[in-house]
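Chains as they are written, first to last, in this note's numbering: chain D, 1 to 274; chain L, 1 to 274.
Calculated from the structure, these hints are not laboratory results. Mixed in with the good hints, there may be bad ones.
Copies of the same chain are indistinguishable here, so a pair counts whether it falls within one copy or spans any two.
Capping the alpha-carbon separation at 16 angstroms, the derived lysine to aspartate or glutamate pairs in EDC-like fashion look like this [what the hints assert, rightly or not]: (1) 256 to 217; (2) 108 to 223; (3) 158 to 196; (4) 108 to 74; (5) 59 to 223; (6) 59 to 24; (7) 234 to 112; (8) 108 to 227; (9) 108 to 89; (10) 256 to 39; (11) 158 to 185; (12) 257 to 227; (13) 158 to 188.
Protein chains: 2
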Amino acid sequence: MTVEGLSINLATTRGSWGFAEAVDGCLARGITAIAPWRDQVAAVGLDEAARIIHLNGLKVTGLCRGGMFPAADDAGRQAAIDDNLRAIDEAAALGADCLIFVVGGLPKGSRDIAAARQMVEDGFNSILPHARAANVPLAIEPLHPMYAADRACVNTLKQALDLAGRLGPDVGVAIDVYHVWWDPELAEGIARAGRENRIFAHHICDWLVPTTDLLLDRGMIGDGIIDLPGIRDKVEAAGFHGPQEVEIFSAENWWKKPGEVVLDTVVERFRTVC
Amino acid sequence: MTVEGLSINLATTRGSWGFAEAVDGCLARGITAIAPWRDQVAAVGLDEAARIIHLNGLKVTGLCRGGMFPAADDAGRQAAIDDNLRAIDEAAALGADCLIFVVGGLPKGSRDIAAARQMVEDGFNSILPHARAANVPLAIEPLHPMYAADRACVNTLKQALDLAGRLGPDVGVAIDVYHVWWDPELAEGIARAGRENRIFAHHICDWLVPTTDLLLDRGMIGDGIIDLPGIRDKVEAAGFHGPQEVEIFSAENWWKKPGEVVLDTVVERFRTVC
Numbered sequence: 001m002t003v004e005g006l007s008i009n010l011a012t013t014r015g016s017w018g019f020a021e022a023v024d025g026c027l028a029r030g031i032t033a034i035a036p037w038r039d040q041v042a043a044v045g046l047d048e049a050a051r052i053i054h055l056n057g058l059k060v061t062g063l064c065r066g067g068m069f070p071a072a073d074d075a076g077r078q079a080a081i082d083d084n085l086r087a088i089d090e091a092a093a094l095g096a097d098c099l100i101f102v103v104g105g106l107p108k109g110s111r112d113i114a115a116a117r118q119m120v121e122d123g124f125n126s127i128l129p130h131a132r133a134a135n136v137p138l139a140i141e142p143l144h145p146m147y148a149a150d151r152a153c154v155n156t157l158k159q160a161l162d163l164a165g166r167l168g169p170d171v172g173v174a175i176d177v178y179h180v181w182w183d184p185e186l187a188e189g190i191a192r193a194g195r196e197n198r199i200f201a202h203h204i205c206d207w208l209v210p211t212t213d214l215l216l217d218r219g220m221i222g223d224g225i226i227d228l229p230g231i232r233d234k235v236e237a238a239g240f241h242g243p244q245e246v247e248i249f250s251a252e253n254w255w256k257k258p259g260e261v262v263l264d265t266v267v268e269r270f271r272t273v274c
Numbered sequence: 001m002t003v004e005g006l007s008i009n010l011a012t013t014r015g016s017w018g019f020a021e022a023v024d025g026c027l028a029r030g031i032t033a034i035a036p037w038r039d040q041v042a043a044v045g046l047d048e049a050a051r052i053i054h055l056n057g058l059k060v061t062g063l064c065r066g067g068m069f070p071a072a073d074d075a076g077r078q079a080a081i082d083d084n085l086r087a088i089d090e091a092a093a094l095g096a097d098c099l100i101f102v103v104g105g106l107p108k109g110s111r112d113i114a115a116a117r118q119m120v121e122d123g124f125n126s127i128l129p130h131a132r133a134a135n136v137p138l139a140i141e142p143l144h145p146m147y148a149a150d151r152a153c154v155n156t157l158k159q160a161l162d163l164a165g166r167l168g169p170d171v172g173v174a175i176d177v178y179h180v181w182w183d184p185e186l187a188e189g190i191a192r193a194g195r196e197n198r199i200f201a202h203h204i205c206d207w208l209v210p211t212t213d214l215l216l217d218r219g220m221i222g223d224g225i226i227d228l229p230g231i232r233d234k235v236e237a238a239g240f241h242g243p244q245e246v247e248i249f250s251a252e253n254w255w256k257k258p259g260e261v262v263l264d265t266v267v268e269r270f271r272t273v274c
């Protein structure tokens, strides 16, 4: 029996499982879509990861991640571009639906977020020809504003869509409920993303109250306050019917549990709360 | 010698000083504007606080705070309204420039942020007649989206201005750099707030990298990545020339230092980085 419409971002089982164990864990539960991270792929080897994916007919809802474009100098920005070109090749080798982008925050020592945002746009323009040649869709993930300084200076769906619009009709967005649930313009942003055919991925987890760490205290679906069915309805109404990808960073809770427990919980919750 | 253009939000010295000590500390450094919290006023007594303020000719750039409108039931919402009516009376007694509003987040058990936002608007409409009769300006403070669940479901300047626009021409906003610095629409939001004569307060502190606590790890001005002069220029260009109010919640750092050290640092930084 397969679990339709569910993808597991392998960050979710990072606490106990590498790439191969996570794939086995997914397959054992009828989950046939995954989204790995580049370090997890590198640890097993790109060719071996691609072999496992193709052998098992897995759908790859995204490769995490490209981005981190801003840097304090030209050399740093070029290094980021070079790394993103490699990420595109990896996404192509894995047959990923898209390469997910966490675009980067302020360069060290900078307080100029407008300049950082320009560096992001310039970086995308530098890699787009290669992405197009490799047929790898690029998905800009707007990150919660609490990450604006150190992880991503693209912080609303509207901002991501405006950027995608300047980059080209083939650039999209990843809509992660954790980052966008609070946005008073969320409904119109999702509808617009659908009209523009830019929804490439739909990530889910939950926002805990209280949240004890800015990065590593995401909640299991159902444990927080995000209206998951409400957002899913909007995403589906906008025309995206790909899997919902569960991505949970949880250093002090879920990453300390065995992968089996994490996945069993995800599957049970997915059936009841999403 | 006075420090022109500086106000101290008394949360900043909460770690070591109550109302009277904080006033003495400000006066000793030539700071003649403050913004107290209601619990600090209550601890010394409203009449005594008003006496101290008037005796020393202090400007009160705001009273913190009203708000917290959403609740799970009618009784809870009415209790919030009643408390806000008292807050208005206190702001009037202190001669505060405005009453600052942290509007509240999701009621316990709710995932419906649209409903919470409606409760906020309904709450404001319930208290506005009393605020107008008391001649107390109400300042909606949009809070950073990381507080949307548990503290304030008004999370962008645009959203606050839209709400203020529906409430009336006499309702304004408090622009706190900590909450809005990341907003890609900040410049247009500040300009609009100026055009509409809605800037009632300008709060400053800094965003630390890393930030270790969502609520209580604000930085001293100059220690983080917020472009304070850039935002100040926009606020002044929009027509607001009131004091910049330093408001720092810092449980593990500044609240553990003596008030003298905190204020000396604020004054030195204010002269060099703001």
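Task: In rising order, the numbers of the hints this structure does not comply with - done: Per hint list: 5, 9, 10, 12 violated.
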